[in-house]
Amino acid sequence: MAQRKKLLTGRTRPNLLGGAFGWLWLIIILVPIYYGILASFRTQGEYYASNPLVPPSSLNMRAYKLVIENDFGRYLMNSVIITVGTVVILLFVSILGAYAIVRGQSKASQRLFRLVLLGLAIPAQATIVPLYYMIVKMGLYDTLIALILPGVGFGIPITILILVNFVRDIPGELFESMTVDGAGSWRTMLSLVLPLARPALVTVGIYDALQVWNGFLFPLVLTGKPEVRVLPYSLFTYQGEHGADQPAILAAVIVSCLPILALYIVGRRQLVAGLTAGFGK
Amino acid sequence: MAFFGIFALIPLVGVVYFSMVKWNGMGTPQWVGFDNWSASLTDKTTLNAIKLSLIVMVVTWGVQTPISLLLGVFMAGRQRYRAVLSVLYFLPLLFSSAAIGIIFKSMVDPNFGLFSHIPVRWLQQSYLSPTLALPTVMFVITWAFVPFHSLLYQAGVRQIPQTMYEAAMIDGASPWKQFWSITIPQLKYTIVTSSTLQLVGALTYFDLFYVMTQGGPGDATRILPLHMYITGFKSFDYGRSAVISVILAVVGLTLSLTLNKLSGTGKMESQQEGI
Chain A
986 MAQRKKLLTG
996 RTRPNLLGGA
1006 FGWLWLIIIL
1016 VPIYYGILAS
1026 FRTQGEYYAS
1036 NPLVPPSSLN
1046 MRAYKLVIEN
1056 DFGRYLMNSV
1066 IITVGTVVIL
1076 LFVSILGAYA
1086 IVRGQSKASQ
1096 RLFRLVLLGL
1106 AIPAQATIVP
1116 LYYMIVKMGL
1126 YDTLIALILP
1136 GVGFGIPITI
1146 LILVNFVRDI
1156 PGELFESMTV
1166 DGAGSWRTML
1176 SLVLPLARPA
1186 LVTVGIYDAL
1196 QVWNGFLFPL
1206 VLTGKPEVRV
1216 LPYSLFTYQG
1226 EHGADQPAIL
1236 AAVIVSCLPI
1246 LALYIVGRRQ
1256 LVAGLTAGFG
1266 K
Chain B
227 MAFFGIFALI
237 PLVGVVYFSM
247 VKWNGMGTPQ
257 WVGFDNWSAS
267 LTDKTTLNAI
277 KLSLIVMVVT
287 WGVQTPISLL
297 LGVFMAGRQR
307 YRAVLSVLYF
317 LPLLFSSAAI
327 GIIFKSMVDP
337 NFGLFSHIPV
347 RWLQQSYLSP
357 TLALPTVMFV
367 ITWAFVPFHS
377 LLYQAGVRQI
387 PQTMYEAAMI
397 DGASPWKQFW
407 SITIPQLKYT
417 IVTSSTLQLV
427 GALTYFDLFY
437 VMTQGGPGDA
447 TRILPLHMYI
457 TGFKSFDYGR
467 SAVISVILAV
477 VGLTLSLTLN
487 KLSGTGKMES
497 QQEGI
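Residue numbers (this note's numbering), protein chains in the order written: chain A, 986 to 1266; chain B, 227 to 501.
None of these hints come from the bench; they were simulated from the model.
Check each hint, because a few of them may be wrong.
Quick look at which bits of chain B chain A covers, simulated, 3 or more residues with Cβ under 8 Å [said to hold, decoys possible]: (1) 281 to 289; (2) 307 to 319; (3) 433 to 447; (4) 451 to 463; (5) 468 to 479.
These numbers come from a predicted model, not from an experiment.
Ideal Cβ positions, reconstructed from N, Cα and C, are used throughout, including at glycine.
Whole structure, please, built from the sequences with the hints as guidance.
See below:
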């Protein structure tokens, strides 16, 4: 059967090995997720007593109720605010930067570009001490702005790189005709670069958003009080506060990934493109 | 025009500033010269952290690359069931590292977790014990990051011209031979990109380790980023912490520049934290 399928589709790669391995990997992927979802629907007593892979006799919503009562909404809001804030500023600054780098042929802008590229190779973690120092000195500790600013800073290199590659592909004649028509830089930006760069903006925007959304280290270091807690970090503190209540913790985990799941269902293609932005060439 | 330059410039300088300021931040307000350095470089914990980070880097790379490659090739197939599988493979990418860490921590719990209910003796282990903690977290890393890399390979495989395989088939090359003499060489660029991301990324694994082990038990999983965090933000020795930062940055930079040179693909795309 498999053999015939191969002939029909004209595919001849080592499929048997790949196939067996594919199914095995599927099990490895699914077991933890399955385990987490099941456990989140158990009562605490059930969790300790029953076999983790057998579905509970009835779906118990207690854990979810607890999570939602536990300021989940606020953490979600915080995450949304920093993600949207970071991405908007980031895209705005980066598209201007990319435009300047591509169109401004001065030495300075080329040097800048090289500097930005260097930023790609430096792990964000490595700057956490000076960053912390700066944020405290600026009086921004424990604010959402403290999470947005570094997010913008570290998002710039990859964002600019991708946008520069894209803006470079816009034919020079288009820019020239804009100039002939007497359009200034702003108008060129608004009516030429922005519309043409939209797919790239979406892709890289999703990539940046995921980075910020899942970020853990910055919230851990740059914020402390619960009012500014974001989702991934709230999971961790939740684990500390409700150590024994595993179903509630796992329910929190499940709820925290729902927004991305929704995004995945709505725009799988864009999400995948965003994830592999710039790498999947 | 200049306006754009200035507008973009400020945050750009910000990036550079972030990356440079560690020299000043070292030894906080007081200038202590190289004291921090000599102290750190002879410190057992730091050396241990470097060793652990290297182990994590090499092992996760060695494990993830073949798995991602195989899966990527497999996913690139056009059969319907593979498309469904690909959707499922994607699932780990929906979770944040913190979420993944929590699920696995709960699952490997020796008293109530998954294996406590399976009556097989050798599976009932304390997976976060000093000897097993590091392999366990490395397994979780593989679980979490293979989907991303297999996506890269999938995209790579799809770009290989079908005609190459047809030609090979006419020459009577076995699937096995086709895999080695067409697929692998054609994926060279993808392999380099993915490897760079993995190796440099290994320097930044923090969330998973922090959530699952906090560097423990003892120092068994105290890799460099964790060591940096604990030194700075738990022991309040920011100077020493900054030394580790510099080590991280230099290693990351060297690594990606070297790999970049080796591959000759004039592109520097090497940063990736905790997708």
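Hint check results:
no.	hint	result
1	281 to 289	violated (count 0)
2	307 to 319	holds (count 9)
3	433 to 447	holds (count 3)
4	451 to 463	holds (count 5)
5	468 to 479	holds (count 7)
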